[in-house]
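Chemist: Chains A and B, in that order, give the protein sequences.
In terms of the working numbering, the first sequence opens at residue 1 and continues consecutively.
In terms of the working numbering, the second sequence opens at residue 237 and continues consecutively.
Hint data in this document are derived by calculation from the structure and do not stem from the laboratory.
Here the structure is a predicted model, which is why all the values come from computation and not from measurement.
Among the clues, some could well be false.
Non-contacting residues of chain B with respect to chain A, defined by C-beta distances greater than 12 angstroms in every case (computed) [unchecked claim]:
id, residue
1, Pro280
2, Glu281
3, Tyr284
4, Pro303
5, Phe323
6, Lys453
Reference listing, derived: stretches of chain B covered by chain A, where coverage requires no fewer than 3 residues with Cβ under 8 angstroms from a Cβ of chain A [what the hints assert, rightly or not]:
id, stretch
7, 338-350
8, 364-374
All C-beta atoms, glycine included, are put in the ideal place defined by N, C-alpha and C.
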Amino acid sequence: MPERITLYTAKICPFAQRTEIALAEAKAQYTRFEIDLQNKPDWYASKVNPASKVPAIAYGGPEVPPDQPSPESVKLAESLVLVEFVADLFPESGILPADPVKRAQARFFIEGVSSKLIPTWYGYFLRNAPVEDFYAAVEYIQSLLPAEGFAIGQYSIADIAIAPFLARTRLSLLNEIGKYPEGDGKKVWATITSGKYARFAKYQEDLFARDTFKETFDEAYVTDAFKQRFANARNQ
Amino acid sequence: MAPTEQITLYSADYSPFAQRVRIALEEADVKYTMYEMNTRFIKPEWYYTINPFGKVPALTFGGPNVPPDQPSAESAKLVESMVILEFLADVFPEARLLPADPIQRAKARQFVEIYRNYVFDEFRDAFFRGKPVEGVLAALEKLQDALPPKTGFAAGAWSIADAAVAPLLAGMVLCVRAGIGAYTEENWQKLRAALESETFARFMQYIQDIHERPSFKKTWGNDDLQIEIWQNHPGVRRLRTAENAEGFPGGV
Numbered sequence: 001m002p003e004r005i006t007l008y009t010a011k012i013c014p015f016a017q018r019t020e021i022a023l024a025e026a027k028a029q030y031t032r033f034e035i036d037l038q039n040k041p042d043w044y045a046s047k048v049n050p051a052s053k054v055p056a057i058a059y060g061g062p063e064v065p066p067d068q069p070s071p072e073s074v075k076l077a078e079s080l081v082l083v084e085f086v087a088d089l090f091p092e093s094g095i096l097p098a099d100p101v102k103r104a105q106a107r108f109f110i111e112g113v114s115s116k117l118i119p120t121w122y123g124y125f126l127r128n129a130p131v132e133d134f135y136a137a138v139e140y141i142q143s144l145l146p147a148e149g150f151a152i153g154q155y156s157i158a159d160i161a162i163a164p165f166l167a168r169t170r171l172s173l174l175n176e177i178g179k180y181p182e183g184d185g186k187k188v189w190a191t192i193t194s195g196k197y198a199r200f201a202k203y204q205e206d207l208f209a210r211d212t213f214k215e216t217f218d219e220a221y222v223t224d225a226f227k228q229r230f231a232n233a234r235n236q
Numbered sequence: 237m238a239p240t241e242q243i244t245l246y247s248a249d250y251s252p253f254a255q256r257v258r259i260a261l262e263e264a265d266v267k268y269t270m271y272e273m274n275t276r277f278i279k280p281e282w283y284y285t286i287n288p289f290g291k292v293p294a295l296t297f298g299g300p301n302v303p304p305d306q307p308s309a310e311s312a313k314l315v316e317s318m319v320i321l322e323f324l325a326d327v328f329p330e331a332r333l334l335p336a337d338p339i340q341r342a343k344a345r346q347f348v349e350i351y352r353n354y355v356f357d358e359f360r361d362a363f364f365r366g367k368p369v370e371g372v373l374a375a376l377e378k379l380q381d382a383l384p385p386k387t388g389f390a391a392g393a394w395s396i397a398d399a400a401v402a403p404l405l406a407g408m409v410l411c412v413r414a415g416i417g418a419y420t421e422e423n424w425q426k427l428r429a430a431l432e433s434e435t436f437a438r439f440m441q442y443i444q445d446i447h448e449r450p451s452f453k454k455t456w457g458n459d460d461l462q463i464e465i466w467q468n469h470p471g472v473r474r475l476r477t478a479e480n481a482e483g484f485p486g487g488v
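Please put together the full structure from these sequences, using the hints given.
Modeler: Structural data, given as structure tokens:
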């Protein structure tokens, strides 16, 4: 029986949403505490996560208000570590298959997300780096997908790792948020959801249709937060 | 019952990433075949059917017993050293390559993330790109803070977290001792002084514990071999030419 879980998170943050999806898939009982990333409470770095980032989990220990974390709880951070932790605590969740080869496939997919998709997206989004690099990463991710279904067929940590990022890529492009020229956003979105990227487009739809994704993604809030946060991206 | 599938590891002595997997296989104490690559950039054609990226390590699992250079379509092909380490932990649970307890497993994985997110880039920047060394020293302190305070490995008991960092950290410490890298004379002295100081006593104890581990000893070779490997690292060789050899401790 898993112990008490408190999750420190932020609706805007894709890394944090990974952990929320994993906990939702596990149907886990936990306390959710929102951290304002623009105005972090002074106890957060010293008592929860020295890196001062979300997500973080306080596990076990006595029942305390989330803003008064106990030194007795174990503090854990790093979104992918936390997703694997949830899979270990809740094996019935099914987010890690039983077969080691399929697990390795899921983790290999995640490596591709971390080393190719995320850096090239941020390059384009924050620095207007060549969009071709991002397209190459999308093509690579697409090449790993089976003919239908999720990254390794059944839903897994691989999909949990990618979905929050794709959701924010979508809302950024459709709302022309980012450093790239205004007007390019919708064109890039059209490119990656049609033609030779048709399989990728279907995969995205499947990810966004998942209940645990919908429950943990407040699109209106995140869109607004992105508009505010990245309002001056083109002026810098 | 222990798995009976064949295991073949494609490795190379120049690769610390391949050494990670060799360490884990030794710790698991399982039967495996090792095929050593001896070319860094161009691999034999058949190898690309195992790893389309052409890099080591790669591991085949299952399928019929075939010569390593005639891989079977039936074997599972695994690439990416960290993925392979987790795979071995899954396939050989009795070998305890990862602890059984979820919290300790998370600590082991967190340790690797600290290495990956903070130390690796700083190491590359300081040793291969001549950047100031304060960055790598600060990163190493973060890593040191994640170790159990007095003794033990990353998660207490040895785990794949240690296999993951050992070849790179041991390589880095060796480079400092031997003066290999793109740093200036002054920065070299800073590195040496730091690693010899009380500040890094716990870290250096960890390095010693790594060196004493049989699985590490067996797969490291020896210091002279490793010095040659690191001196010939493409990143280091690119920087060292007759013109700038004077800036390099240890010469060309």
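Chemist: Hint by hint, say whether it matches the structure.
Modeler: Results for each hint:
For Pro280/B, the requirement that its beta carbon stay farther than 12 angstroms from each beta carbon of chain A is met, with the minimum near 23 angstroms. In this structure Glu281/B is separated from chain A by more than 12 angstroms, as the shortest Cβ-Cβ distance comes to about 21 angstroms. Non-interface status of Tyr284/B relative to chain A is upheld: no Cβ of that chain comes within 12 angstroms, the nearest being about 15 angstroms off. Every CB of chain A is more than 12 angstroms from the CB of Pro303/B (nearest about 22 angstroms), matching its label as outside the interface.
With a minimum CB-CB distance of about 4 angstroms to chain A, Phe323/B fails to clear the 12 angstroms threshold, and the non-interface call is violated. Annotated as non-interface, Lys453/B keeps its C-beta farther than 12 angstroms from every C-beta of chain A; the closest such distance is 28 angstroms. Counting residues of the stretch 338-350 of chain B whose beta carbon lies closer than 8 angstroms to any beta carbon of chain A gives 8, which meets the minimum of three for the stated coverage. Here's how the stretch 364-374 of chain B fares: 0 of its residues keep a CB closer than 8 angstroms to some CB of chain A, so the rule of at least three is not met and the hint is violated.
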